[in-house]
Amino acid sequence: MNAIIRPDWDIRDAILEMGGTDAYKCYQCGKCMAVCPWTHVESVVFPVYRTPQSVKFGAIMSSEDTADIEREVDEIYRCVACESCTTWCPHGVSMPDIMRGIRRILVEFGSYPSELSESVSRVHSSGNPFGEPRERRGAWAEEAEIPSFEPEMDYLYSPCCVPAYDPRAAKVANATAEVLRKAGVSFGVLGDREACCGEAIRRAGAEEVFQEVAAANVNAFSDAGVRKAVVTSPHCFRTFDREYPELGADFEAVHQSQLFARLIEQGQLTPAKELGKKVVYHDPCALGRGSGIYDEPRQVLRSIPGLELVEIPNYSREYSLCCGGGGGGVWLERPKGERLSDIRLGQAVATGAEVLAVACPYCLQMFEDSAKTMDLDIEVKDVAELLAESL
Amino acid sequence: MAKVGVFVCHCGENIARTVQVQKVVDFAKKVPGAVFSADYPYLCSAPGQKLVIDAIEEHGLDRVVVAACSPQLHEPTFRAAVAQAGLNPYLCEMANIREHCSWVHRDIDDASAKACQTVTAAVERVKRARPLDPVEVPVTKRALVIGGGVAGIRAALDIADAGHPVVLVERQPSLGGNMSRLSETFPTLDCSQCILTPLMVQVLRHPNIELMTYSEVEEVSGFVGNFKVKIRKKPRFVVAEDCTACGDCAEVCPAPGGNEFDLSLSSRKAIYIPFPQAVPSIFTLDADRCLNANLDSPTGFRVLACVKCDEVCKPQCIDFDQLPEIVEREVGAIITATGFDLMLGEQAEECGYGKYVDVMDGLEFERILSASGPTQGEVRRPSDGKTPKDVVFIQCVGSRNPEHGVPYCSRVCCMYTAKHALLLRHKVPDSRAYIFYMDIRAGGKGYEEFVQRAMEEERVMYIRGRVSQVIEEDGKLKVLGVDTLSGRPVEIDADMVVLAAAMEPADKGEIAGTLRIAADTYGFFKEAHPKLRPVETLTAGIFLAGAAQAPKDIPDTVSQASAAASKGLGLLSQDLLQRDPTTAHVDETVCAGCFECLAVCPYGAIERKELLDAQGEVYREVAAPNPAVCEGCGLCIVTCRGGYIDLEGYSDDQVFAQLGAMGPPPEVMER
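Taken in sequence, the protein lines are chains A and B. Numbered by my numbering, the letters in the first sequence go through residues 15 to 405 in order. Numbered by my numbering, the letters in the second sequence go through residues 392 to 1062 in order.
Hints were generated in silico from the structure; no laboratory data involved. Computed from a predicted model, the values in this text were never measured in an experiment. Positions of the beta carbon are idealized from the N, C-alpha and C atoms, including for glycine. A couple of the hints might just be wrong.
[What the hints assert, rightly or not] Under 8 Å between C-beta atoms, here's a sample of chain B residues computed to sit facing chain A:
1) E847
2) M852
3) I883
[Unchecked claim] Every beta carbon over 10 Å from chain A, so not counted as near; a handful from chain B, in silico:
4) K420
5) G477
6) P480
7) R497
8) L735
9) R791
10) I831
11) R832
12) Q843
[Unchecked claim] Calculated lysine to any residue pairs in the SDA-like style (CA-CA distance at most 25 Å, straight line):
13) A/K350 - A/R85
14) B/K867 - A/P21
15) A/K45 - B/K619
16) B/K532 - B/P925
17) B/K624 - B/A684
18) A/K45 - B/P925
19) B/K780 - A/M32
20) B/K414 - B/L1050
21) A/K45 - B/I831
22) A/K350 - A/K386
23) A/K45 - B/E839
24) B/K619 - B/L967
Required output: the full structure, derived from the provided sequences and hints.
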């Protein structure tokens, strides 16, 4: 891409207005690229460090060559919002915020990947990214005989769209419900009264749709009298915890791994059954780097008798490698050889573990897909499932 | 017969790795005159020195050779040690077997043989040495400071505050130098004049400071502690004592032109005061610009074409008959603080300087930003007075460019460019600032943070890359460059371009010549040692401060000025100075009195001495070097046709014996 840069102030100002002001903190050291998960994919060059400078120049989507534009869009949607760069950036640049700023412009012009635009419109129309009927959202709970949320209950359980509709992930929701029940926690679900939290579509740039679904959720939670919500997905968690308050939400969100750890510590839960398995834990980006929750899921796993917990060397906790599902990546089909989940699963298998424990529905989906396509002999399970098994 | 002791140092592994120390020790014992030899891991250590002292006493040594490092480093150490043992310090000789031997050779046998030769040579030399005593000279307790910028002001105030008289000489009509031209200073954004003018006033009022503005140092003779200085006071054609700076004269003066203080962005009359806060507040009549100039008369003013200023001057202080005045002062120490100029060479031309009026240098932009400047601090461009919106700043114009400029970094440009961009953004909020840079060198307290502030808060666009050229297109200055971090060319349509031009020394050799101090290839005064003697020159009693020594910013300049003042005060606080007795010595019995030596001596150290006969009549004139002035350079020695001059400590006898010992490798070394 050797096109001459001619600064375009309208494009720059538009991106800044959309939240890209962090670009001005950047001093082009390249640390972001050095820690970017895409550096693990040899066939992909993702010069993420150039993005803030391009924002400052307004030199995005300014080329007259369609191939340039396509390449740019492709690059901008490489970012999986894993916050690895944000964690290590010397100047505190939030690259996901810059990416979101740019993506908002791309969405406004309709210049973004079709898989994403479809998911966005499904969230808009059906309240979930799969286009499943809105009224079926509570079906899994009805089958599991989970009551509808009442204001006198301690917790709302908000399971995320993936467990609500995907049969495999529904097992995680069921396991969570079982654990909570055994601990004597009073909880209920909102079923079709809630919709997708909107995190992924917001990261994908669909700000308006996010605002709409989020506002509806905030109202629904408020109408239902929710004071505390326990969630399965760290993406929902971070959105409820940090972004919904800006829209007037007034409830406390807790990730289920936090609640489990607390219940075990307080003696309300006592894992008793021997599991007898070697388990490796993968830190989901949104839970670890995104929310600073590293220890609770490990505490839960360590409390399970006979479970040997191992770590992925060099790439655990803050150094965890993204599964590729964040930032809308879960909806984008990547060719084989460009899948971050394949690389991460390979790291997990190399530890000799029999089970890869996750704490995020996206991670679960991404790794299950990889395990199938790579034909690897490793089980992928949510921490909640392992805990339920040992009760 | 001399009894020489030879001491060989290992310097840890520095010497012992390449030189077989034991062989040198054994060999030394066989050198005629050497009666003792020993070695030690670190002779410069306290036990090492004790070894030398004890051996002198125990073996009755009367000469010492220390085979170790360069005399630059530890000669004073061992001279002090032998003095402690009761020997004359000049009977101690260093044989450099480290810098001249172990560090530059690989072959152990060859290096060891050379070390033996070096030791032999030193023994031969020290055998012929004679005791010398330091030369004592009195000190004139007054300092001369050359240059009235911030460096000279600070140095003068420090010395004067310590109680010594100071003569401060400034070439321009006012104190202040380049700093008084600046708008705000980085990184604190203090107004430059606001922090400088109080110091200027202090100088004027200080009872210990004699301020001579519009004056130049014309001649310096003498030596450390005893300099004689001739200062030329240029005629102001205004009686300084009477001028009230009312300005009536300038109002009526019909001869306008560019004001150099504003780099000709504003105008002044032939009779002028460079800026309102000038110190001293006295008008000056520029003889070159006055209508009376060059009218056929020796002073330029005998035939008067215009006397308007004289007519309106109420205190009657115009004096067309003033002549240059030469004043003489005796001083003990001299501080040189002659400052810098901007260099606008080939690279500035590439960027359109001199071709487009809206391409300016950093100092010009300072004046535009300054509240006392030609636009009263409003950012307006010279061509049409409009406020520029897109301003491109280009760093490293001339600097770091050995092919088309100078190889060195001018050190202040990164910071003042960041400041320029930031001030532009403050003053013109809808402006856009672009900076083409190579590297950002912000090594100073609060500097990096300041650059970040410009980037982050003021959204200054930093572009890493050089500019190929600036061209005019559709009424804009099109800046063509590259963003090397993305590898793409960049084009920016600018309204104004500001160049961070390289700093060069303001003194173009005149002061260096007058003071006989060394300057580097670019004209910056050379310090005696870049790390350990950074404010001294190699000429004793002359010190350096500010950008005349190397490009530097205000904090560094002021620090160096205070350092130079403290060095000067160290000198002035002594009653008698001890000088190295390594000076020229004339054999009066044979001197023919041709005085070729006097002609070549750069220090004026050779005097004529009359020899008197028994009746008290002068029968011959001979050359007599004044040991207080002589620097021991040796020019007179090589000039003397008869070879009748020797350098103490370097007599022909000593040097030839030393050279003779450096013949073929000694046979004792088995190859």
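Hint-by-hint comparison with the structure:
The closest approach between the C-beta of B/E847 and any C-beta of chain A is roughly 5 Å, which is under the 8 Å cut-off, so the hint is satisfied. A least Cβ separation of about 6 Å between B/M852 and chain A falls short of the 8 Å threshold, and the interface hint therefore holds. Because the beta carbon of B/I883 sits about 6 Å from the nearest beta carbon in chain A, less than 8 Å, this interface hint is met. Distance check on B/K420: its Cβ is at least 63 Å (rounded) from any Cβ of chain A, clearing the 10 Å threshold; non-interface status holds.
Residue placement check: B/G477 keeps its beta carbon more than 10 Å from all beta carbons of chain A (closest about 63 Å). Non-interface call for B/P480 relative to chain A: holds, since the shortest CB-CB distance, roughly 56 Å, exceeds 10 Å. Every C-beta of chain A lies more than 10 Å from that of B/R497, the closest at about 41 Å, which supports listing it as non-interface. Every CB of chain A lies more than 10 Å from the CB of B/L735, the least distance being 27 Å, so the non-interface label holds.
The Cβ of B/R791 sits about 19 Å from the closest Cβ of chain A, beyond the 10 Å cut-off, so the non-interface label holds. At the 10 Å boundary, the C-beta of B/I831 falls inside the reach of chain A, the nearest C-beta of that chain being 8 Å off. Under the 10 Å C-beta cut-off, the non-interface status given to B/R832 relative to chain A holds; the minimum distance is some 13 Å. The non-interface label for B/Q843 is inconsistent with chain A: the shortest C-beta to C-beta separation is roughly 7 Å, within 10 Å.
For the suggested pair A/K350 and A/R85, the alpha carbons sit about 19 Å apart, so the restraint of at most 25 Å is met. Straight-line distance between C-alpha atoms of B/K867 and A/P21 comes to about 15 Å, which keeps the hinted pair within the 25 Å bound. Using a Cα cut-off of 25 Å, the hinted pair A/K45 and B/K619 is violated, with the two alpha carbons roughly 61 Å apart. Taking the CA atoms of B/K532 and B/P925, the gap is about 23 Å. The hint holds against a cut of 25 Å.
For the hint pairing B/K624 with B/A684, the CA-to-CA distance comes to about 19 Å; that is within 25 Å, so the pair holds. A C-alpha spacing of about 38 Å is found between A/K45 and B/P925, which places the hinted pair above 25 Å, so the restraint is violated. Restraint check for B/K780 and A/M32: satisfied, since their Cα atoms lie roughly 24 Å apart, inside the 25 Å limit. Taking the CA atoms of B/K414 and B/L1050, the gap is about 22 Å. The hint holds against a cut of 25 Å.
As the CA atoms of A/K45 and B/I831 are separated by approximately 18 Å, the hinted pair is consistent with the 25 Å bound. At roughly 13 Å between alpha-carbon atoms, A/K350 and A/K386 fall within 25 Å of each other, so this suggested pair holds. Taking the CA atoms of A/K45 and B/E839, the gap is near 18 Å; set against the 25 Å cutoff, the hint holds. Only pairs whose Cα atoms come within 25 Å are accepted, and B/K619 paired with B/L967 is accepted, the gap being roughly 18 Å.
Hints 10, 12, 15 and 18, counting from the list given before, are not met by this structure.
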